[in-house]
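We have chain A; now place chain B onto it with these hints.
There are 2 protein chains.
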Amino acid sequence: MAQKDFTITKVMTKKPKPDDQELEFGKHFTDHMFVMDYHIDKGWYDGRIIPYQPITLDPASMIFHYGQTVFEGLKAYSTSKGDVQLFRPDENIHRLNRSNERMCIPTIDFDLAMEAIKQLVSVDKDWVPKAKGTSLYIRPYIIATEPYLGVAPSKQYKFIIILSPVGAYYKEGINPVKIAVENEYIRAVEGGTGEAKTAGNYAGSLIAQEKVADDGYAQVLWLDGHEKRYIEEVGSMNVFFKINGEVITPALNGSILPGVTRKSVIDLLKSWDIPVTERRISLDEIKEAHQKGQLEEAFGSGTAAVISPIGELAFNQVHMVINDMKTGDVSKRLYDTMTQIQYGDIEDPFDWTIRV
Amino acid sequence: MAQKDFTITKVMTKKPKPDDQELEFGKHFTDHMFVMDYHIDKGWYDGRIIPYQPITLDPASMIFHYGQTVFEGLKAYSTSKGDVQLFRPDENIHRLNRSNERMCIPTIDFDLAMEAIKQLVSVDKDWVPKAKGTSLYIRPYIIATEPYLGVAPSKQYKFIIILSPVGAYYKEGINPVKIAVENEYIRAVEGGTGEAKTAGNYAGSLIAQEKVADDGYAQVLWLDGHEKRYIEEVGSMNVFFKINGEVITPALNGSILPGVTRKSVIDLLKSWDIPVTERRISLDEIKEAHQKGQLEEAFGSGTAAVISPIGELAFNQVHMVINDMKTGDVSKRLYDTMTQIQYGDIEDPFDWTIRV
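So the sequence lines, in the order shown, correspond to chains A and B. My numbering applies: residue 1303 is where the first sequence begins, and numbers increase by one. My numbering applies: residue 1303 is where the second sequence begins, and numbers increase by one.
One chain only, chain A, in its complex shape (with noise of 0.2 angstroms):
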């Protein structure tokens, strides 16, 4: 049904690689990229692998104007076995058309988004990096590409795939970061765009995190937007809190992120009998918790960082330090187990990898 016989050009000469420790995030690109064109009377087509270059819009394209656009984010592991393999790429798809539904942008066949993603990676292997910590960071998108100034959905859309060779997170081991309390901005509220993974919610959130990086602070922790008193998310990742041997995550109220590490981090701590939690959960009750001693851990997690454990959350002139701003026991085996997965170091009891 689907079309998955990409046509692919590969480049003439390839590009000089970065060396694996110099890696950062996000800066450097592979050699080709993967695009894909949507006409409303023709359904997606044309998908192919072209070399890596840029892209020609028209400057009324709806993508420069009203931001119908979605993304995801994912990564492709170098195994100690010399294979290349990727972190439950199923649930960025899903989440991608989810993202598209939301978006009023039209969904894309799973198998097709699979295997251009596998098919991407596959091409541009040798992109990978084998540093420990290093991945090959995946880049799927779609943007509004209609040259038309009314506000309705666009009726052309391209779908790219772009990679990125990136460094580890934690250069000098994981370390916990301080926390600033948002409570003037506020990143998503139930019914606008906050479980989607689209463009305006990062753009929204970057005056919060200006505000506070010259504090020292890596992150704000989001509010709801309601009553600005329940948790919602930390920066642009999920976040736990351990309160007296319980692990409590807000649940999916309609404006906070389905992130895939949220979802592995609860099947993890599942499997360990560790109990946890989705639900709504307020900032008095982590103040009180703190105050009683018995908020023992609270980490963010996200695909980039995998666990970012939080070693101080700021609000007003109140500094929380949790767990001595040391990395917790359960922070720290979820981020190893974690990791393992990802790097082909342990077995996979939950099928969550695919070799490409």
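Some clues are possibly wrong.
Which copy is meant is left open, because identical chains are indistinguishable; a pair holds if it fits in one copy or across any two.
With a straight-line Cα cutoff of 25 angstroms, these simulated BS3-like cross-link-like pairs (lysine-lysine) come out [unchecked claim]:
#, residue 1, residue 2
1, K1319, K1432
2, K1427, K1383
3, K1460, K1329
4, K1420, K1460
5, K1329, K1457
6, K1319, K1457
In case anyone wonders, no lab produced these hints; they're calculated from the structure. Predicted model only: the values in this text are computed from it and were never measured.
Same frame as chain A, but now just chain B:
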């Protein structure tokens, strides 16, 4: 201080112009465009008028991923005297810069932006259509262009202005529309990006529009993101209600776009000694006024339609017909006066218009 000696490169061959009578909105574009670049080390530089042409961007450009972008919309009008004039462009430039601040985009010198708009319109003066109700739509916008996948403000931008001759909004006379109250999706919430003119607000609103279009509704009426009780906007316009002789519009609370037409409506009403109030107004209050027979008029205001009378407001199974589906006297007077000022048919006592 700011560069105003733009280089101008004119087309060799002008495009054929569409028939003034056949014009739609935002589908045709003129012969030239304005482009200016920004780099964090250089500021805004190289402002230039060039032939209308595609933009070429790296596929990692931040606009495609994190939606850091703002835009404006204003119009140039052909007057009966043969002049071309702009309507309150100063308001648009000030708002562009307020949007820039919210979206962490570097602001643009006021005089430079004004000069860019004037010079571009002047170069494409023969594109300003002359048929009744037609105009030249001006779309300034800024996009983040740095090729980087980190979530942070871009270090590079492009400021672009394109022009589009547009047809009369009301081809068969001003015509009241049916509006559906939206009770599932939310356009914006205080602390979000609602008061900035940025892409994400529009992308997020498409789904609500799609939902009601099949049932014959032209737009949705947006309620507040906190309680879904208070009126915010209608479609992509501001909204006014005339209740018992008083005209009421939602106060600018942080989630409502501060419309230039909205401001002009308020100014005109004040000049006519018609009571006008900016305050919070609930859907319940509208319903009650309707029941009492005191909801005399309702209308949207925006650059495209100027005034768009609301003939019916639907909520669940309730259909409130307003003024027998006819354009109200105040709506009509506002539309007539505003358009007469825009087209130079009457004296402009407010100094709103600027000759190009």
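Now the hints, each set against the structure:
Proximity of K1319 and K1432 under a CA criterion of 25 angstroms is satisfied intra-copy only: 12 angstroms inside one chain copy versus 58 angstroms between copies. Taking the closest pair of Cα atoms, K1427 and K1383 come within 25 angstroms of each other only inside a single copy of the chain (14 angstroms); across copies the shortest separation is 67 angstroms, beyond that limit. In this homomeric assembly, K1460 and K1329 come within 25 angstroms of each other (Cα to Cα) both inside a single copy, at 22 angstroms, and across copies, at 20 angstroms. For the homomeric pair K1420 and K1460, the shortest alpha-carbon distance inside one copy (18 angstroms) is at most 25 angstroms, but the shortest distance between copies (34 angstroms) is not.
In this homomeric assembly, K1329 and K1457 come within 25 angstroms of each other (Cα to Cα) only across copies, at 13 angstroms, whereas the closest approach inside a single copy is 31 angstroms. In this homomeric assembly, K1319 and K1457 come within 25 angstroms of each other (Cα to Cα) only across copies, at 24 angstroms, whereas the closest approach inside a single copy is 38 angstroms.
Consistency note: the structure conflicts with none of the earlier hints.
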